[in-house]
Amino acid sequence: MKLNVLYFAWVRERIGIASESVETQAGSINELIDELCAREERYAAAFSDRSVLRAAIDQTLVPFEATLTDATEVAFFPPMTGG
Amino acid sequence: MSVHVQTDDFDLGAEVSKLSSDPSVGAVVSFTGIVRDAAQSGLISMELECYPGMVEQALNDIEIKARNRWDLKASVIIHRIGNLKLGEQIMMVATASPHRQDAFEAAEFLMDYLKSEAPFWKKEHFQDHAKWVDARETDLQSLKRWQD
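Protein chains in written order, with numbering that gives the first Met the number 0: chain A, 0 to 82; chain B, 0 to 147.
Be aware that a few hints might be false.
Computed Cβ-Cβ distance ranges for the label pairs, DEER-style [unchecked claim]: (1) 20(A) to 56(B): 36 to 46 Å; (2) 36(A) to 97(B): 46 to 56 Å; (3) 39(A) to 97(B): 49 to 59 Å; (4) 68(A) to 51(B): 18 to 28 Å; (5) 15(A) to 3(B): 43 to 53 Å; (6) 17(A) to 100(B): 41 to 51 Å; (7) 140(B) to 29(A): 23 to 33 Å; (8) 140(B) to 64(A): 40 to 50 Å; (9) 33(A) to 12(B): 50 to 60 Å; (10) 30(B) to 49(A): 46 to 56 Å.
I should point out that these hints are in silico values taken from the structure, not numbers from a laboratory. Virtual Cβ for every residue (Gly too), placed ideally from N, Cα, C.
Bound-form chain A, shown alone:
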């Protein structure tokens, strides 16, 4: 499965890119994070505390247990601070 993965705010800064195409067999958001963290230290650093992160699948907020079936876009970011 090919996913477009997006990073925002300090997650983007720590990983060093705003988006990338990821070929993955991950079944859930948690498994996708595990795969990314195993790749390189910068991912492990960005995802070290999952409780301070949020995730979206195809632009809808989801819990980290959410499955990636039919997903095309996944985004990772800190809690929102608009307003």
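Assemble the complex: chain A is given as a structure, and chain B must be docked to it using the hints.
Using the frame of chain A, we list chain B on its own:
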């Protein structure tokens, strides 16, 4: 009902006037967020980032929720992105209703949901460093009061 995410500034007075053009509107409430230096620590500017696509969808969803809950004749949400200097307007919400209570409550509801569910992030820029703003626990508390 309208939602705008833009780099340009907005005219609060003009937006409020537009909302009051409907003859059944008896109350308009507006809120404006402004770049401030809360800790008086030399803040120069605030950088606003968003998740394009998701942000418009999230704001539209929030407006629909408010419209289903209160008697609103019109509402507007404008949120700026990009680099904003100290004192500049960041965003506004305004609600128009026949009654003041609906307009007040709906405006607060829009702000509480926007803060927790609309994908915007703020970074404060100082003379010699920059810092991402942390989400506040009190904002989550504010959101909970609408969920009983």
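Verification of the hints:
Residue 20(A) and residue 56(B) have their C-beta atoms about 23 Å apart, which leaves the hinted 36 to 46 Å range violated. Between residue 36(A) and residue 97(B) the Cβ separation comes to about 54 Å, which falls inside the hinted range of 46 to 56 Å. Distance hint check: the CB atoms of residue 39(A) and residue 97(B) are about 58 Å apart, consistent with the given range 49 to 59 Å. Between residue 68(A) and residue 51(B) the C-beta distance comes to about 25 Å, which sits within the given range of 18 to 28 Å.
The hint said 43 to 53 Å for the Cβ distance between residue 15(A) and residue 3(B), and at roughly 31 Å that hint is violated. Distance hint for residue 17(A) and residue 100(B): a CB-CB separation of about 43 Å, consistent with the stated range 41 to 51 Å. Roughly 28 Å separates the CB atoms of residue 140(B) and residue 29(A), a value that falls within the hinted 23 to 33 Å. For the pair residue 140(B) and residue 64(A), the beta carbons lie near 25 Å from each other, so the given range of 40 to 50 Å is not met.
Checking the proposed 50 to 60 Å range against residue 33(A) and residue 12(B) shows it holds: the Cβ atoms sit about 52 Å from each other. For residue 30(B) paired with residue 49(A), a C-beta distance near 33 Å fails the hint of 46 to 56 Å.
Of the hints listed earlier, those the structure fails to meet are numbers 1, 5, 8, 10, in rising order.
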